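Asks: Sequence:
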Amino acid sequence: MENFLGRQLWSIYEDLKRGNRIGFLTDDEFQKYFLGFISYKYLSEKLETYINNELKAEGLDFEEAYGLKAFKKSLREKSIEDIGYFLSPSLLYRNIVSSKNYGNIIIEELDKAFTEISDSSVGRESQEDFQNLFEGVDLYASQLGKTIDDKNRVVFNILDALGSVNFDLDKESRNNTLLSKSILENRKFNRNDYSNSRKNEGRLRSRRMNSITADFKDLNSLVDEKMEHNLKSNYALEADMLDHALDEYSLSEDSHHKDESYEKYIDDLIGNSFEYLLSEFSLNSSYSSDYYTPNEVSTLIAKLISSQKSKLESVYDPCCGSASLLLEINKELDCDFICGQELNASFYNIARENMILHNIHYKDFDIKQGDTLEQPQHLDYTFDAVVSQIPFNSRWTADRSFLDDVRFMQYNILPPHSKADYAFIQHMLYQLNNDGIMIVVAPHGVLFRAASEGKIRRMIVKKFNYLDAVIGLPANMFYSTNNPACMMIFKKNRDIYDDVLFIDASKGFDRTKLINYLQEEDISKIVSTYKYREEIEGYSHRASLYDIERNDFNLNIPRYVDTYENEEEVIDSDELVSRHKYVSEEIKKVTKEIEETYKELNISNDLFR
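Numbering (numbering that gives the first Met the number 0), first residue to last: 0 to 608.
Everything labelled a hint here was simulated from the structure, so no lab data went into it.
Computed from a predicted model, the values in this text were never measured in an experiment.
Check each hint, because a few of them may be wrong.
[As the list claims (entries may be wrong)] In silico SDA-like pairs for lysine to any residue, Cα to Cα no more than 25 Å straight-line:
| no. | residue 1 | residue 2 |
| --- | --- | --- |
| 1 | LYS99 | ASN2 |
| 2 | LYS40 | ASN19 |
| 3 | LYS77 | GLY58 |
| 4 | LYS454 | VAL576 |
[To be verified] Cβ pair distances, simulated, as ranges:
| no. | residue 1 | residue 2 | range |
| --- | --- | --- | --- |
| 5 | ALA69 | SER523 | 37 to 47 Å |
| 6 | ASN492 | HIS416 | 25 to 35 Å |
| 7 | ASP27 | GLU519 | 29 to 39 Å |
| 8 | GLU57 | GLU124 | 43 to 53 Å |
| 9 | GLU519 | LEU67 | 38 to 48 Å |
| 10 | GLN142 | HIS579 | 49 to 59 Å |
| 11 | ILE147 | SER97 | 36 to 46 Å |
| 12 | ARG578 | ILE147 | 13 to 23 Å |
| 13 | ARG399 | ASN52 | 30 to 40 Å |
| 14 | LYS145 | SER73 | 23 to 33 Å |
| 15 | GLU592 | GLN142 | 32 to 42 Å |
Yeah, the Cβ is synthetic: ideal placement off N, Cα and C, and Gly gets one too.
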């Protein structure tokens with residue numbers, strides 16, 4: 000139901016492509032423009048809605064007040080303080096689109112709008128979240144067309160097509176769009192205070208305002224006639240479902256919870272539409288797939304955390320990609336502070352856009368760009384939850400200087416430069432609170448690879464006793480690889496006698512044409528098994544640290560969970576082919592690593608001639 004807006008956006012995206020209205024843009028390039036323009040439209044309409052509501056008592060609208068000297072400066076200052084940015088009325092989305100009728104060059108006006116959003120935050124607390132937000136959207140790129148007129152036409156095509164999209168922001172008192180300055184002062188978050196209180200696990204933090212009320216006179220008309228008019232006929236069913244949901248909502252007896260529920264519903268509606276697009280892009284693009292965690296994987300991680308924690312003050316992802324995983328956890332537990340870091344510049348911007356379209360206040364998230372291992376941006380923080388789908392088979396420098404780095408020095412050994420998996424795990428463990436929970440999605444090799452990785456794994460399990468559970472996932476679940484992956488769950492507050500739970504969830508999935516995915520019942524079974532640490536024959540087993548040591552700290556799941564199947568059972572040919580492919584690829588990787596090692600040691604070997 001909540002993805003009807005996402006399906007509308009996807010339909011617009013497909014129609015633009017089919018109609019040859021996007022110049023020479025490739026799919027990957029067009030995705031950046033499309034997401035950027037959606038974000039701009041949302042920010043434009045959010046600002047106008049906010050200011051118009053602030054001016055109701057004056058009997059003025061944004062454009063009227065901005066023309067008056069008494070209001071012009073104060074409107075800008077208050078907007079930047081309350082919502083983090085500002086746009087002049089002439090640079091609002093609707094005015095830029097309509098300016099084409101007056102002969103204006105759209106790309107020049109839009110460039111001014113992007114610049115004003117960015118520049119208005121400079122020197123303010125919101126700078127990190129809005130500056131250069133649209134730098135990946137080059138309005139003068141040759142891919143848009145050969146001439147200015149060609150580029151102008153393509154940009155107008157996209158903006159005009161998005162005109163039918165209604166974010167339904169024109170309701171009074173929408174979340175932080177109507178926060179008064181006094182309310183903001185009460186909830187202001189000082190990042191320096193947070194950083195300096197690292198050693199104090201019970202640090203003082205400002206709390207998110209969850210009780211902002213609204214005054215809706217007719218809750219049965221929350222979806223107005225304009226929205227119904229704008230939706231295409233093929234979205235009629237979803238619109239009916241939305242009406243039904245809001246009718247049920249309007250029957251709520253408690254007006255406070257009713258208003259809060261509506262705000263959350265609309266936030267989820269808009270945010271989920273953005274997530275829907277990211278999911279579709281990942282299914283159809285090898286580039287996007289590296290930076291998006293499938294929704295059911297994010298859901299599983301969020302529910303595993305909520306099975307252990309009733310609330311979270313903070314959550315962190317060192318390889319956050321589009322930030323979909325962080326937002327799913329926030330949806331499940333309503334976190335006070337969300338942090339992430341992303342190396343790729345395009346997805347760094349998409350992650351910030353994703354936060355904005357989920358209506359996360361700029362003071363409640365901190366997404367930074369950079370190489371997490373080489374240039375970590377959050378080392379002064381620790382977090383209640385640390386999560387990540389780390390980049391599979393990524394490399395790092397493994398420079399000897401890292402042995403003096405606080406994240407690695409206690410191990411006195413570094414992971415190999417050809418495999419950065421344990422470097423990310425060590426980094427994440429360093430940033431985990433003493434009573435926190437950490438979940439990492441990684442390739443199966445982290446469970447059994449030897450050499451330096453084996454030594455690090457031994458220390459994590461035996462010396463520090465951080466490993467709490469290992470979950471085997473189905474093959475072909477991720478957009479970027481067909482190989483199976485695993486989840487490793489870590490806690491720092493484990494008792495010396497606590498066991499390690501192994502779960503083999505590799506056979507619990509459904510299949511689409513492209514990938515395997517966890518069903519709701521599969522997720523529920525995994526979460527329940529972990530929460531109650533159940534032992535289920537052929538599915539889960541609690542292993543003592545002694546058992547693990549007897550296996551030389553090899554964590555390969557079949558060593559602990561007996562998954563033997565009777566030979567009379569039907570063999571799954573697809574699964575057999577998938578496993579064969581996985582083993583073949585692993586053999587190639589190991590062979591290549593051995594060959595590189597021989598070359599580094601200057602040893603000749605006939606096998607590699």
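Asks: Evaluate each hint against the coordinates.
Replies: Results for each hint:
Distance restraint check for LYS99 and ASN2: the Cα-Cα separation of roughly 32 Å exceeds the 25 Å cut-off, and the hinted pair is therefore not satisfied. For the suggested pair LYS40 and ASN19, the alpha carbons sit about 22 Å apart, so the restraint of at most 25 Å is met. Using a Cα cut-off of 25 Å, the hinted pair LYS77 and GLY58 holds, with the two alpha carbons roughly 18 Å apart. For the proposed pair LYS454 and VAL576, the alpha carbon gap of about 32 Å is over 25 Å, so the pair is violated.
Distance hint check for ALA69 and SER523: the Cβ-Cβ separation is about 59 Å, which falls outside the suggested range of 37 to 47 Å. For ASN492 and HIS416, the hinted distance range of 25 to 35 Å is satisfied, since their beta carbons lie about 33 Å from each other. At roughly 32 Å, the beta-carbon separation of ASP27 and GLU519 lies within the given 29 to 39 Å, and the hint holds. Take GLU57 and GLU124: their Cβ atoms lie about 27 Å apart, and the range 43 to 53 Å is violated.
For the hinted restraint 38 to 48 Å between GLU519 and LEU67, the CB-CB distance of approximately 55 Å leaves it violated. The given range of 49 to 59 Å is broken by GLN142 and HIS579, whose C-beta atoms sit roughly 41 Å from each other. The given range of 36 to 46 Å is broken by ILE147 and SER97, whose C-beta atoms sit roughly 19 Å from each other. Distance hint check: the CB atoms of ARG578 and ILE147 are about 55 Å apart, inconsistent with the given range 13 to 23 Å.
The hinted window of 30 to 40 Å between ARG399 and ASN52 is violated, with their beta carbons roughly 58 Å apart. Separation of LYS145 from SER73 is about 45 Å and departs from the stated range, judged on CB atoms against 23 to 33 Å. A hinted range of 32 to 42 Å holds for the C-beta pair GLU592 and GLN142, which are about 39 Å apart.
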